[in-house]
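K.L.:
Sequence:
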Amino acid sequence: MDNLELSPAASVDSEGIFLHQLVASKATLPEVRLTNAPPFGQAVVWNRAQLAALLRAAAPDLNCTNWTGAATVRITRRERAFGEADLLSLLTAVLQQDFVKDKGELELRLTRPWTPRNVPDEVLALKVLELPNTGVTPSFIVRFELRTAHEILGTWQASVQAKVWREAWVAKSALKRGQLVAEADLTRERRDVLTVRDTLADFAAGDPTLELAEPLQAGTPLLARSVKVRPVIRRGQFAEARVQDGALQVTLKVEALEDGAPGQTIRARNPLSRRDFTGKVLDEQTILVSL
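Heads up: the sequence shown begins at 10 in my numbering, then just goes up one per residue.
To be clear, the hints were calculated from the coordinates, so they are not data collected in a lab.
Be aware that one or more of the hints could be misleading.
Claimed, not checked - Taking lysine-lysine pairs in the DSSO-like style, the calculated list, with each CA pair at most 27 Å apart, reads:
1. K289 - K262
2. K112 - K237
3. K237 - K181
4. K181 - K136
5. K112 - K181
6. K262 - K181
7. K185 - K262
8. K110 - K136
9. K136 - K112
10. K136 - K185
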């Protein structure tokens, strides 16, 4: 191999120190790893003799007869500033994936300034070490660790405010209990749902099978409890009951004692015998009773 020109300084990442990183010439060199990279924030200095010894140990078949250039090389880690935007990006991604999941889109804001720090100029990973027992809330403190693929850089904590955004059904005007969802004055809005303790309602626009289960004020998001399947049989209504006993089927007129939607089980009464029983609602005229 031709003589190699030694650089006076080199910067590396946590993968290690490689021969080509120390050479100033443009010669094509094999991928030779000499040793581990120095810890971040520290430096190592090698003279030509030390470098030659490392090269003989790492690649004994590689014949390098002479070094030119600098007498020593100072090796440090590549670094960059890690600012508030970098922290929020990593922290948001981890909390979204591991804690918020599909509940909505997480948005974070620091409540105390983050002092930029120098970190290795390579891919960083953030690991959450401690959260409140209540998890992600509108305001909380999170303790976390930053690391590269090969080393832990340190642990810190941050005080943050959080919002979780998602599309929700919202009443545009005051709505009454029993009103059909398909006819209700509703709209879709992006809302912070982090403070909403109950599940939001989720249905297709104009669904004719649903009605409101409670009155709502204008601007109120619809919860799962706010809507219900529209009953097709109402309390006090007379319907046909089909009594099924194996292959035997008997029909009779009964009085519904409860509202019922298709698939729901309700109480009904035989007006002749005054006997009460339960049955499954099939449609607006039929209740199936199994003995």
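K.L.:
Determine which of the earlier numbered hints do not hold for this structure and return their numbers in increasing order.
P.N.:
4, 6, 7, 10
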